[in-house]
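According to our numbering, the residues represented by the sequence shown are 866 to 1601, in order.
These are computed hints drawn from the structure, not numbers from a lab. Each residue gets a CB set at the ideal place from its N, CA and C atoms; glycine is no exception. Among these hints, one or two may not hold up.
Under the rule of at most 25 Å between Cα atoms (straight-line distance), these lysine-lysine pairs were calculated in the BS3-like manner [as the list claims (entries may be wrong)]: (1) Lys1018 - Lys1031; (2) Lys1122 - Lys1133; (3) Lys1108 - Lys1120; (4) Lys928 - Lys993; (5) Lys893 - Lys951; (6) Lys928 - Lys1108.
Okay, the calculated beta carbon distance ranges per label pair [as the list claims (entries may be wrong)]: (7) Gln1211 - Ala1180: 44 to 50 Å; (8) Gly1468 - Gly1268: 26 to 32 Å; (9) Gly1563 - Ser1126: 54 to 60 Å.
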Amino acid sequence: MLSSQLPDIAEASSSERVYVALGNSIEKAVSLLNWVFESLGTRQICLLHVHRPSPLIPTLLGKLPASQANAEVVSAFRREENERTKKLFDYYLIICRRAKVEATIVTIESDQVHKGIVELVNRHGVRKLVMGTVKENCMKVKKSSCKENYAAKHAPLFCEIWFINKGKCIWTREASENSNLLQGSFSSTISSCASGCTSTEMRVSSGSDPKVEEESSYSHIEEVSLEAEALGNEAFEELLKCKTLELEAMEAFSKVKIYESALVHEVKLRKEAEDALNNTIQDQEKLLKEKDEVARKLERTMRNVALLDIRAQEANHRCEEASGELKLIQTSILSLRQEEQRIRRQKMEAVHWLERWRSPGQAGTANCNGFLGITEELPELAEFSLSDLQTATCNFSESFKLGQGGCGQVYKGEMLGRTVAIKRLHPNNMQGQSEFQKEVQVLGKLQHPHLVTLLGACPEAWSLVYEYLPNGSLQDRLFQKNNIAPLTWKIRTRIIAEISSALCFLHSSKPEKIVHGDLKPQNILLNSELSCKICEFGICRLVTEDSLYQPSFHWSTIPKGSFPYTDPEFQRIGVLTPKSDIYAFGVIILQLLTGKPPAGLVGEVRRTRKLTSILDPSAEWPMIVARRLVDLALQFCELSSRGRPDLTPTLVRELEHLHVSEERPVPSFFLCPILQEIMHDPQVAADGFTYEGEALRGWLANGRETSPMTNLRLDHLHLTPNHALRLAIQDWLCKY
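Please model the entire structure based on the sequences and the hints provided.
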């Protein structure tokens, strides 16, 4: 084989062709080629490459040694390696053609790159070689393992080698001066090898100088030592590789076992899944049969529902006819009543004018006395002088001032051996003078435990002397002015009963009914035992049966009631009646229940769905008591006075019993699970539980289709009235 290469060697020697050792790194190869093109200026080069086959073959079980892998897999991988190498050198040839340099390729396959390079140099008689090198520190650390150092030591001396790093020539191994002799020796060696001669004969033909022979022997021994050392290192590396491959093989075998066990488990799971699928199919068929049966039942039910709808429509039609007839009857009755009232008013007016016509002076005096409620039998009030009041109040000192109203100031003083409250009206206020006369004439003749007591008057100073109540007004106590303790539910209920008792007394007085006209928490005072008394009668009215039909009678004074407590009917038509006090009383009840300001309170309570959300938590209201008071207060606050109930003794007694009653335990099945309140419209849902109808409809209206109790999806959203439970709740409420 070597003899066949001799013409090539001779041709290479004569043409001074440059050989460039290239690897798989494109960046380094391009750098070497550019240096050759720029520095040597040659137009013919030979690309030299040592292909190192990979010792490990990638398989499905990981990388295995080539000896243990399948032969077809190894062959395919080798073809893939050769294809990559071919594509790489095609790219190198393209670079050379672009530089207008003729290039050929010489390759060899070897496990060690540095030995492959030296073998190619010897085989082709390379005289000029360009190869890459590493940094200097690498050569210092491990020179014997670097292919550059090996090539410098073992390449023939006639070969000039340039070592290039990053486009720069690091160093050059010059060719020996005896390069021609060595070249001839190299040629004779090849010829001798081709003809079967020994290496000893080659050395004899080269020359017989003993010194040269000694140096050659020494270099040969050194070369053999280096080769032995390199072979030892290679053997150690191969041993490590074998151990690594053994470990990888064991790991691969364990993976195979794991895969086999996983396959068995997967087969088991697949069988279980098939069984479950069969069971599911059977259940589905059963459900389909049940669905068909239910569909048939539903069809029968829908036919029955259609019949019931027809009957219901007939019943509704009859009900509408009956309602129309009832409305006609009610309209007729109302017309008769209005006619009767009109005739009665005309009769009373005729009698009134007849009496005035007969005796104008006597009739006017009697009417005035009856209107003002003055009688001769009642004792006269005590009269005080201005000096008495100045002494009691330190000349009306600001430190004794309790407050200021629309008609004057209120002072605290000491008179008659007790603490009193002195109300001083503005002297120039004609309305105040009227109120002064009114309160003197009315309060002086009224005696009730829950009306403030008038002790005397001072006409000189337009002042009234009342009893003093130390705990201030209900307004201050309700909104905890000065951080006072809140009122309990029992105290609040007792105050409601006391207010109702006082109003019932005023509204049932004879011969004229008395209307307070300015009922609000500021005008309800509390004594030391937190019992209430109503004050501020400056705008009260005396209302007779005749005056109810004479609106102009009520414009003698201007009411000063606060707007939230003012009767809407009075604001509309200007008629002040006992029902006006009842409206204000209803607003006060709602304030005691909720602890909130009066503005908009009636509407807020009407709109609320959950009573506990608006109750004052500091009072700890029992639900039975709170529910009854809310219902009563909303009746009192009806916009039309006809819808408001009268304060009867029976109603007053009921309120008096509320504040002394303890809360009774409510059966749990009477409470709505959502609101936790007694149900008034119990409805059964699809989950079998009973809820308050309004609460459950609100639950479903928000897009929820699950049970409030079980959180499971409801089969349907239809509600069924629970009449039995509703009757039981009504019986329980009536009983207690």
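Cross-check of the supplied hints:
The suggested pairing of Lys1018 with Lys1031 holds, with an alpha-carbon distance near 23 Å, which does not exceed 25 Å. At roughly 17 Å between alpha-carbon atoms, Lys1122 and Lys1133 fall within 25 Å of each other, so this suggested pair holds. A C-alpha spacing of about 18 Å is found between Lys1108 and Lys1120, which places the hinted pair at or below 25 Å, so the restraint holds. Between the alpha carbons of Lys928 and Lys993 the distance comes to roughly 40 Å, so the proposed pair goes past 25 Å and is violated.
As the CA atoms of Lys893 and Lys951 are separated by approximately 17 Å, the hinted pair is consistent with the 25 Å bound. About 14 Å separates the Cα atoms of Lys928 and Lys1108, which keeps this hinted pair within 25 Å; it holds. The hinted window of 44 to 50 Å between Gln1211 and Ala1180 holds, with their beta carbons roughly 46 Å apart. About 30 Å separates the C-beta atoms of Gly1468 and Gly1268, a value consistent with the hinted range of 26 to 32 Å.
With their beta carbons about 58 Å apart, Gly1563 and Ser1126 fall inside the hinted range of 54 to 60 Å.
When each numbered hint is compared with the structure, a violation occurs for hint 4 only.
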